[in-house]
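Visitor: These protein sequence lines map, in sequence, to chains A and B.
Under this note's numbering, think of the first position of the first sequence as 1, with each following residue one higher.
Under this note's numbering, think of the first position of the second sequence as 1, with each following residue one higher.
Nothing false has been slipped in among the hints.
Distance ranges between label pairs, derived from CB positions:
{"hint": "1", "chain 1": "B", "residue 1": "ALA103", "chain 2": "A", "residue 2": "ASP72", "range": "42 to 48 Å"}
{"hint": "2", "chain 1": "B", "residue 1": "ASP16", "chain 2": "A", "residue 2": "ARG39", "range": "51 to 57 Å"}
{"hint": "3", "chain 1": "A", "residue 1": "ALA11", "chain 2": "B", "residue 2": "GLY46", "range": "19 to 25 Å"}
{"hint": "4", "chain 1": "B", "residue 1": "ARG72", "chain 2": "A", "residue 2": "ALA11", "range": "33 to 39 Å"}
{"hint": "5", "chain 1": "B", "residue 1": "ALA103", "chain 2": "A", "residue 2": "ALA11", "range": "46 to 52 Å"}
{"hint": "6", "chain 1": "B", "residue 1": "ARG72", "chain 2": "A", "residue 2": "ILE15", "range": "36 to 42 Å"}
What the hints contain is simulated information worked out from the structure, not anything from laboratory work.
Every residue, glycine too, gets a C-beta built ideally from N, C-alpha and C.
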Amino acid sequence: MKILYFAWIRAKVGIAQEDVAPPAEVTTVGGLLDWLAARGPNYAEALKTRAVVKTAVNQEYVDADHPIKLGDEVALFPPVTGG
Amino acid sequence: MIRVQQEDFDIGAELDRLSQGNHAIGGVASFTGLVRDMAPASETSGKIGAMTLEHYPGMTEKQLAAIEAEARQRWPLQDCLIIHRYGRLLPGDRIVLVATASAHRQAALESCAFLIDWLKTKAPFWKLEDGPEGSKWVDAKGSDDAAAARWNK
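Start from the sequences and build out the full structure, keeping to the hints where you can.
Guide: Right under this line is the structure:
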């Protein structure tokens, strides 16, 4: 599963993207965030305030209860500020 | 039409091209977004020197296409153009152009406002400002959410 990080979430995690293999019990976006946050202080800091962590699966916005599966592209980013 | 690019664009040429050869178009509305030298967060602390726009290649185009499709569903548009830049920009530089063409002004003006309001809350772009105290990620504004929400049916 490919994870992409953008803007200050990327800066805090320290990398732009990575391939991860979460355990089978991680079945939703929310579960994935919990699992990632436990991987180290940089992840915990980046994902601390869940209200400002927006999530997309395969380039579509999703909520925390959205299911994830092998091969998904999951992106984590702050609220957007374009335009 | 959607374009996500680093290069600048020529507003006059883009608007001309939008209506060229289509005489069903009675009006073209447009909005151009520019880099300000005063960032909202730093209005008391000084001017910004530059801005870097980051985006999510792939999802950006997908979201902009979805926003365009929604506008075309809601208003009778003859044509529609969204250009959004990314990369390093300076105060005064153009960031975004939204233009809509329709038989009548109301559809063109309303859909243009809708497009920029939705784009600001849905298109995955992020602004990093270089100010006197270093680089700072711009915070999302509640007023932008409110502006987008007024178009909810």
